[in-house]
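First residue of the sequence shown: 5, per the working numbering; consecutive thereafter.
Hints may be right or wrong, so weigh each one.
When the alpha-carbon atoms are kept at most 25 Å apart in a straight line, the in silico SDA-like pairs for lysine to any residue are as follows [as the list claims (entries may be wrong)]: (1) 14 to 33; (2) 164 to 203; (3) 80 to 67; (4) 164 to 46; (5) 14 to 159; (6) 56 to 117; (7) 140 to 80; (8) 56 to 203; (9) 215 to 36; (10) 56 to 44; (11) 14 to 122; (12) 219 to 176; (13) 56 to 91; (14) 140 to 156; (15) 164 to 118.
Just so you know, the hints here were simulated from the structure itself, not pulled from any lab data.
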Amino acid sequence: MLAYYCKKCKADNASPVCAHCGMPIGAQNARYMWQHVRTPLGDGPTVMGALKILAVVTVILLVLMFLGELIFSADKQNAVTLFTASGILPWALVLAGAGAGIICLTLLFQGREEMHFVLDMRAAHLQVWIAPTRLKCLARGIAYEPYNAALNAQGEERLKISETHLLWTDVCRCEIRRRACRIDLYRPSGFRFLSLYPDRQELEAIEEFIKPRMKQLVRR
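Could you put the whole structure together from the sequences, leaning on the hints where they help?
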């Protein structure tokens, strides 16, 4: 939703005239605001990112084992035997599969999260909130602190678990993924720092809003 922020009243308005004080609001105070609800297990980039880390760790461990056997063994053939006859590769696959299962269960137990996005003239802002339970907090590796929870507009408890701010000047690359209705912001150009999940009907308008501020824009 496009909103106009009145600094005097500290309130958002649907039009460029403040509904509280009646003063006009300049275009520099326009910003997009919306909320997106998702489950980490149902989010492709989150799942693939976790599985990629698991795969990289598995490969690194195998390479270190091979190099260790190659360097410290008197018979260099033992390094080859380690992978061809010792059964280490099947065990590595079993452990990797178990690790993938644990990752999926952890993402499942994290439950739903509410993502609150704000895009203004200077930066992209994100706050992530959850309905706090012991299991959800444990799955996310954070302390269960219900006394830090706040009430939303419906009177339900929500706990803020993360907050991200990314200046447009720091964004090295932006990818617009129309089919997934997602905008990926990279900093540096090889690392996806922040993903935006706009409503499909507002995707083009948000693209036009951020396009003048991007160093590199890619549409997919």
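Here's how the hints hold up against the structure:
{"no.": "1", "hint": "14 to 33", "in the structure": "11 Å, holds"}
{"no.": "2", "hint": "164 to 203", "in the structure": "22 Å, holds"}
{"no.": "3", "hint": "80 to 67", "in the structure": "15 Å, holds"}
{"no.": "4", "hint": "164 to 46", "in the structure": "21 Å, holds"}
{"no.": "5", "hint": "14 to 159", "in the structure": "22 Å, holds"}
{"no.": "6", "hint": "56 to 117", "in the structure": "22 Å, holds"}
{"no.": "7", "hint": "140 to 80", "in the structure": "49 Å, violated"}
{"no.": "8", "hint": "56 to 203", "in the structure": "28 Å, violated"}
{"no.": "9", "hint": "215 to 36", "in the structure": "14 Å, holds"}
{"no.": "10", "hint": "56 to 44", "in the structure": "15 Å, holds"}
{"no.": "11", "hint": "14 to 122", "in the structure": "15 Å, holds"}
{"no.": "12", "hint": "219 to 176", "in the structure": "6 Å, holds"}
{"no.": "13", "hint": "56 to 91", "in the structure": "23 Å, holds"}
{"no.": "14", "hint": "140 to 156", "in the structure": "18 Å, holds"}
{"no.": "15", "hint": "164 to 118", "in the structure": "9 Å, holds"}
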